[in-house]
Structure formats: structure tokens, C-alpha cells
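**Q** What follows is the residue order along each chain.
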Amino acid sequence: MLLSYKVNDSYAVISAAGRLNMVSAPKLREMVAEVVAAGSARIVINLAETAFMDSSGLGALIGCLKAARQAGGDLRIAAVQPQVQMVLGLTSMDKVLTSYPSAAVAFGDD
Amino acid sequence: MTDVLARRTLRQAALPEVIDAVHAELDGLWDDASFVPDMDRMTFATAVIEAASNVVQHAVPESTKPVELGVDISVTPVRLEARVSAFGAMCPDPIDTDAAMPDGEAESGRGLALIRALVTTVTFKRQDGTNTWILSRSPLQR
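Chains as they are written, first to last, in our numbering: chain A, 1 to 110; chain B, 1001 to 1142.
Watch out, some of these pointers could steer you wrong.
Unchecked claim - Simulated DEER-style distance windows between Cβ atoms:
1. B/M1042 / A/T98: 17 to 27 Å
2. A/S99 / B/D1038: 18 to 28 Å
3. A/A38 / B/G1104: 20 to 30 Å
4. B/M1042 / A/A17: 14 to 24 Å
5. B/P1139 / A/V105: 32 to 42 Å
6. A/G39 / B/M1090: 44 to 54 Å
7. A/G39 / B/V1078: 27 to 37 Å
Stated by the list, open to error - Calculated cross-link-like contacts (lysine to any residue; reagent style SDA-like; alpha-carbon spacing at most 25 Å):
8. A/K66 / B/Q1057
9. A/K27 / B/L1015
10. A/K27 / B/M1039
11. A/K95 / B/D1020
12. A/K27 / B/P1016
13. A/K95 / B/P1102
14. A/K66 / B/M1101
15. A/K66 / B/R1007
16. A/K95 / B/H1058
17. A/K27 / B/Q1127
18. A/K95 / B/M1101
19. A/K95 / B/E1107
20. A/K66 / B/E1107
21. A/K95 / B/A1113
22. A/K66 / A/R42
23. A/K66 / B/D1020
24. A/K95 / B/D1098
25. A/K66 / B/L1015
26. A/K27 / B/W1030
27. A/K95 / B/E1105
28. A/K27 / B/Q1057
29. A/K27 / B/V1056
30. A/K27 / B/A1024
31. A/K27 / B/G1109
32. A/K95 / B/M1039
33. A/K27 / B/D1103
34. A/K95 / B/L1015
35. A/K95 / B/P1094
36. A/K66 / B/A1021
37. A/K95 / B/A1099
38. A/K27 / B/A1100
39. A/K27 / B/A1099
40. A/K27 / B/E1107
Read the hints as simulated data drawn from the structure, not as lab findings.
Here the structure is a predicted model, which is why all the values come from computation and not from measurement.
Glycine included, C-beta positions come from ideal geometry on N, C-alpha and C.
Can you build the whole structure from these sequences, using the hints too?
**A** Okay, structure coming up:
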């Protein structure tokens, strides 16, 4: 999985390309911790190129959501692909992790 | 005996890198059985990766020899089947196969519940020092 981030004026976008699984999940947690430590607690995870996620990847997203909220921010997900949507639905985590059509609109309402 | 139309097997050290190899075998299986609908591919592949990841993360060697992961995946006209094995692993603690999905705050513990939601049958077998999860999905979506 290829992870990268970009900090905008009011939020940061982390792009995750590839498979979010037991190998890459710790790397996503590290990147979110780094972004939060640098002062950006409003984070969008762009999942447009995340073709696959397992329960380890889902656990990382939940951990990252908690980290962002503990720092006074929030974490939202964008451009969710079918397999990831399926995992979110079957685990009912689609009610916890708010999904937006694109990273650009994820923090568009506030 | 039901006709097996495509089959792939793998046996490697149960290290994190093996998960990419399992993905590659699944992709190869779909290449050989192109009639399998997308929804079946997606659900079955997710269940197989969950089971394989479980072996890599949790299997405990029963001797000084490291645990090996075995994956045997096959397609018949009406069924997908996977045998995911931990060779040389200790027998795990009793498994609650009816475990419910944990609450929204939990960061782990969803693997088995997710597997059960993805496939039709899940069985566990312990034989000759090998733990095997047998997952099946049928009938295929039309």
C-alpha cells in the first residue's frame, strides 16, 4: 500500500492506494499519528484507490478516528470502493465512519 | 464427486508477506474460472484473506519449527471452497464460532464474525498437528 498525505488550510488528506490489511494497517496508524502530532486533527482518508480492506484495516481506521477525535478533530473517509463498502456494511461500521463521495467535500459542511 | 473447475494451492511460512501471495492465488483462480460473479469473488476473497491473516497473526508453533500457512481454494459450478490451514500450530483455545460483532469502539475482534457473514459455512478441524478452517460459499450469485 502506498500512503501519502497533503495538509490543506483546514484539514489533511491521506491517500491510501492498494490493500489496507494487516501489513499496511500499522503504517496508516503511524501516518495519522504523525499528521495529528503536526497539528492537523481534521483528516480525510481518501480510499479511491483502496481496492481491498480486511478487519485489520478496519481496526486501523477506527483507531485513527479515535486519535483524531481525542485531538479535538475528526476523521472521515471518502470515495469508498465496493469491497471496502461491503466490509463497512457487514460490520455496521458504516454508521461510525462517515463516508463522503470525495475527499474535497468531506469537510465541506463545516 | 463434484467437478472442480479450477484450483490453486499455496504453502509458505506464516509471515505477513504471505498475504500478498494469497491475493495472487485468488486472482489466478478468477482468471481460471471467469464465470464466477464479482459479488462471489469479493466476498470469498475477503473471507479467505481474513482466515489467512488470522493464522499469520495468531497461530502459535507447537515446536521450534515455524508455523506454515496452507491455502487450498477451489471452484465447482455451484460452490467456492477454501481450506486455510496452520501447519505445525498448537490447537487454539476453544473458538466461539457464534461470536457476535464487537461494538463500534473495538479495534479488533471482527475477523471471525466477518468470515461468517461472508460465506455459507465455516468449519474448524484439528488433525495431525494442523488446524484447518474450511470455508464454503454456495450457490453462486446469478
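**Q** For each hint, tell me whether it holds in the structure or not.
**A** Status of the hints after comparison with the structure:
1. B/M1042 / A/T98: 17 to 27 Å: holds (23 Å)
2. A/S99 / B/D1038: 18 to 28 Å: At roughly 21 Å between Cβ atoms, B/D1038 and A/S99 fall inside 18 to 28 Å, so the hint holds.
3. A/A38 / B/G1104: 20 to 30 Å: The hint (20 to 30 Å, Cβ to Cβ) holds, given that A/A38 and B/G1104 are roughly 27 Å apart.
4. B/M1042 / A/A17: 14 to 24 Å: holds (19 Å)
5. B/P1139 / A/V105: 32 to 42 Å: holds (40 Å)
6. A/G39 / B/M1090: 44 to 54 Å: holds (46 Å)
7. A/G39 / B/V1078: 27 to 37 Å: violated (56 Å)
8. A/K66 / B/Q1057: Since the Cα atoms of A/K66 and B/Q1057 sit roughly 23 Å apart, the hinted pair holds (cutoff 25 Å).
9. A/K27 / B/L1015: holds (17 Å)
10. A/K27 / B/M1039: Violated - the C-alpha atoms of B/M1039 and A/K27 are around 29 Å apart, more than 25 Å.
11. A/K95 / B/D1020: Given that 25 Å is the threshold and the Cα spacing comes to 30 Å, the pair is violated.
12. A/K27 / B/P1016: Holds, at roughly 14 Å.
13. A/K95 / B/P1102: holds (14 Å)
14. A/K66 / B/M1101: Distance of about 19 Å is within 25 Å: holds.
15. A/K66 / B/R1007: Roughly 42 Å between the alpha carbons, so the hint for A/K66 and B/R1007 is violated.
16. A/K95 / B/H1058: Violated - the C-alpha atoms of B/H1058 and A/K95 are around 29 Å apart, more than 25 Å.
17. A/K27 / B/Q1127: violated (36 Å)
18. A/K95 / B/M1101: holds (14 Å)
19. A/K95 / B/E1107: Since the Cα atoms of A/K95 and B/E1107 sit roughly 15 Å apart, the hinted pair holds (cutoff 25 Å).
20. A/K66 / B/E1107: Status holds; Cα separation ~10 Å.
21. A/K95 / B/A1113: Holds - the C-alpha atoms of B/A1113 and A/K95 are around 17 Å apart, at most 25 Å.
22. A/K66 / A/R42: Distance ~12 Å between A/K66 and A/R42 Cα, so the pair holds.
23. A/K66 / B/D1020: The given pair, whose Cα atoms are some 29 Å apart, is violated under the 25 Å limit.
24. A/K95 / B/D1098: Distance ~23 Å between A/K95 and B/D1098 Cα, so the pair holds.
25. A/K66 / B/L1015: violated (29 Å)
26. A/K27 / B/W1030: violated (29 Å)
27. A/K95 / B/E1105: Measuring from Cα to Cα gives roughly 12 Å; hence the hint holds.
28. A/K27 / B/Q1057: Holds. A/K27 to B/Q1057 sits at ~16 Å (cutoff 25 Å).
29. A/K27 / B/V1056: holds (18 Å)
30. A/K27 / B/A1024: holds (22 Å)
31. A/K27 / B/G1109: holds (20 Å)
32. A/K95 / B/M1039: Roughly 22 Å separates the two Cα atoms, so the pair holds.
33. A/K27 / B/D1103: holds (24 Å)
34. A/K95 / B/L1015: violated (33 Å)
35. A/K95 / B/P1094: Roughly 31 Å between the alpha carbons, so the hint for A/K95 and B/P1094 is violated.
36. A/K66 / B/A1021: violated (32 Å)
37. A/K95 / B/A1099: holds (21 Å)
38. A/K27 / B/A1100: Answer violated: A/K27 to B/A1100 is near 28 Å, above 25 Å.
39. A/K27 / B/A1099: violated (29 Å)
40. A/K27 / B/E1107: Satisfied, since the Cα-Cα distance of roughly 15 Å is no more than 25 Å.
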